[in-house]
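The residues making up each chain are set out below.
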Amino acid sequence: MVTEFGLRLAISLTQIGAVMCIVVITVLILTLAERKVLGWMQDRMGPMEVGPYGILQPFADAIKLFFKEDIVPAGANKFIFTMAPILCLIPTFIGFAVIPWGPNWTFEINGIVVKPFVISDINIGILYILAFASLAAYGIILGGWASNSKYSLLGGLRSAAQVISYELNVGLSIVGVLILAGSLSLVKITDAQTGWFWNWHIFALPAPQIFAFVVYVISVVAETNRVPFDLPEAESELVAGFFTEYSGLRFAFFFLAEYANMVLVSCVASALFLGGWNAPYPGTLMELVGLSSWSWIESTMWFAIKTYSLLFLFFWLRATLPRLRYDQLMRFGWKVLLPIALANIVVTAIAVFIYQRI
Amino acid sequence: MSQLVFAYFAGMIIAASVLVVALKNPVYSALSLLVMFFHVAGLFVTLHAEFLAAVQIIVYAGAILVLYLFVVMILNVKQDDRYHNQWRIAGFVCIPLMMEAMVLLSGGAETRTAGSQAVLGPSAQAIAPDNTFAIGQTLFSTYLFPFEVASLVLLVAMIGAIVLAKREIGEQDDPSPMVQTKAVE
Numbered sequence: 071m072v073t074e075f076g077l078r079l080a081i082s083l084t085q086i087g088a089v090m091c092i093v094v095i096t097v098l099i100l101t102l103a104e105r106k107v108l109g110w111m112q113d114r115m116g117p118m119e120v121g122p123y124g125i126l127q128p129f130a131d132a133i134k135l136f137f138k139e140d141i142v143p144a145g146a147n148k149f150i151f152t153m154a155p156i157l158c159l160i161p162t163f164i165g166f167a168v169i170p171w172g173p174n175w176t177f178e179i180n181g182i183v184v185k186p187f188v189i190s191d192i193n194i195g196i197l198y199i200l201a202f203a204s205l206a207a208y209g210i211i212l213g214g215w216a217s218n219s220k221y222s223l224l225g226g227l228r229s230a231a232q233v234i235s236y237e238l239n240v241g242l243s244i245v246g247v248l249i250l251a252g253s254l255s256l257v258k259i260t261d262a263q264t265g266w267f268w269n270w271h272i273f274a275l276p277a278p279q280i281f282a283f284v285v286y287v288i289s290v291v292a293e294t295n296r297v298p299f300d301l302p303e304a305e306s307e308l309v310a311g312f313f314t315e316y317s318g319l320r321f322a323f324f325f326l327a328e329y330a331n332m333v334l335v336s337c338v339a340s341a342l343f344l345g346g347w348n349a350p351y352p353g354t355l356m357e358l359v360g361l362s363s364w365s366w367i368e369s370t371m372w373f374a375i376k377t378y379s380l381l382f383l384f385f386w387l388r389a390t391l392p393r394l395r396y397d398q399l400m401r402f403g404w405k406v407l408l409p410i411a412l413a414n415i416v417v418t419a420i421a422v423f424i425y426q427r428i
Numbered sequence: 024m025s026q027l028v029f030a031y032f033a034g035m036i037i038a039a040s041v042l043v044v045a046l047k048n049p050v051y052s053a054l055s056l057l058v059m060f061f062h063v064a065g066l067f068v069t070l071h072a073e074f075l076a077a078v079q080i081i082v083y084a085g086a087i088l089v090l091y092l093f094v095v096m097i098l099n100v101k102q103d104d105r106y107h108n109q110w111r112i113a114g115f116v117c118i119p120l121m122m123e124a125m126v127l128l129s130g131g132a133e134t135r136t137a138g139s140q141a142v143l144g145p146s147a148q149a150i151a152p153d154n155t156f157a158i159g160q161t162l163f164s165t166y167l168f169p170f171e172v173a174s175l176v177l178l179v180a181m182i183g184a185i186v187l188a189k190r191e192i193g194e195q196d197d198p199s200p201m202v203q204t205k206a207v208e
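Respectively, the protein sequence lines represent chains S and R. Counting the first sequence from 1 gives a position; our numbering is that position plus 70. Counting the second sequence from 1 gives a position; our numbering is that position plus 23.
Pairs of lysine to any residue, SDA-like flavour, derived with a Cα cap of 25 Å:
| id | chain 1 | residue 1 | chain 2 | residue 2 |
| --- | --- | --- | --- | --- |
| 1 | S | LYS185 | R | ASP153 |
| 2 | S | LYS405 | S | LEU394 |
| 3 | R | LYS189 | S | ARG395 |
| 4 | S | LYS258 | R | PHE74 |
| 5 | S | LYS258 | R | LEU75 |
| 6 | S | LYS148 | R | ALA45 |
Pulled from the structure, derived: some chain R residues nowhere near chain S, Cβ distances all over 10 Å:
| id | residue |
| --- | --- |
| 7 | HIS62 |
| 8 | TRP110 |
| 9 | VAL179 |
Everything labelled a hint here was simulated from the structure, so no lab data went into it. Just so you know, these numbers come straight off a predicted model, no measurement behind them. Ideal Cβ placement from N, Cα and C applies to all residues, glycine included.
Take the sequences, apply the hints, and build the full model.
Here it is in structure tokens:
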């Protein structure tokens, strides 16, 4: 009994550790990739000084942030000021627990069934992610309030309004996929998309979710406070928004949370709409050449390619679009995206109903 | 084990609820309300109602409480002692309520549990591993009428909120995002 519990705990901790490592490494790569991609798009070189082609830049940044002086402004609420970055970071990392990274395999160790490519396959997977994603707003709004600064407070309030508005669109755009897959578990949703790429929910009959995908992508850009929706940290009006007063490691936490959140929403988008770890063709090439036990590498690589393509889209948007004005942002969210998401639910529901009858 | 887990969640819910009303800083009150919502969700999970747990967090913690914080920060409510001098009235209201609860819990326990079993009906027994499916099934068959009535009430409230907020048409081009969000809740 005790050893079984211990073994279970050990397996879970190993998986959590592996996923945390992958996420942190991805964030490190992203910080460099963003500056490089932005540089190339603007006909610059990007960071070139640290290491060959600047590839050690993320480590230099990390060391710099680590050794910076940690300032708590006078009149700040110390407890909440300390807690806000952590409150921002933890929900994002928790969300990765239900992401399926590879095929839905199981193997047994001493009678314990282990799924190697997902930490926990719970039956409300996607709702679990939405629930914790909604908590990230607290970190921002409390961080803004606790700083005891006008700019921070305004940034925090803007962010709260924005995150709530666009969270609704994220939730509604997912519903169509849930109707098609008939499940809330990300593992089951991904399994429902095997076969050719036209089985992916973005193209799948009877109701292709292409509009839902567009609404989802726009809404998550707004939810992660990225350009063109980065009003909470608009430099020209608010200095730096909710993290104006933050420095050193606390600022690094906010930074890490933003990038980890980008990775999370890209993972969710590729699992829900783009077939997750499924290749665009049935089965895998590894199976064809007789290496079926290694086919997981191909599957996880497909997942990585889809996720990184979506992350590239984030950079591309940042290099292309100017920031929206606050009223444009709200009008766009409520008067354009929300009706599209609702119409998508109605159309999908009717299409699936008719499809099941014939 | 399950008793212990229940005791933890119940204890934390009570402690956090007391803190919500006892703390003087409104932001701290909101935070302890957040802690309470989480433990209520935990209680749902121990009852194998994962869907309700997730919805509890998404709706209450993710949307409604953020709006509370929003209002607290906009009004900039400083530590206010006004509401902490009402313990006499609170006592008058609370003591009878407490006695009522005691009587109900001790005396009428058996009859009430038997009655509540009947109210849930046979569909409640059918709640299988997939809790989401079971809730959907029950909501749109047995309780369709109450569900529609609740939707209508919410729609009326939503229209009412918009009418109240948009009193001066033409002056304000941009509708306040807060009122809209609240109405959608």
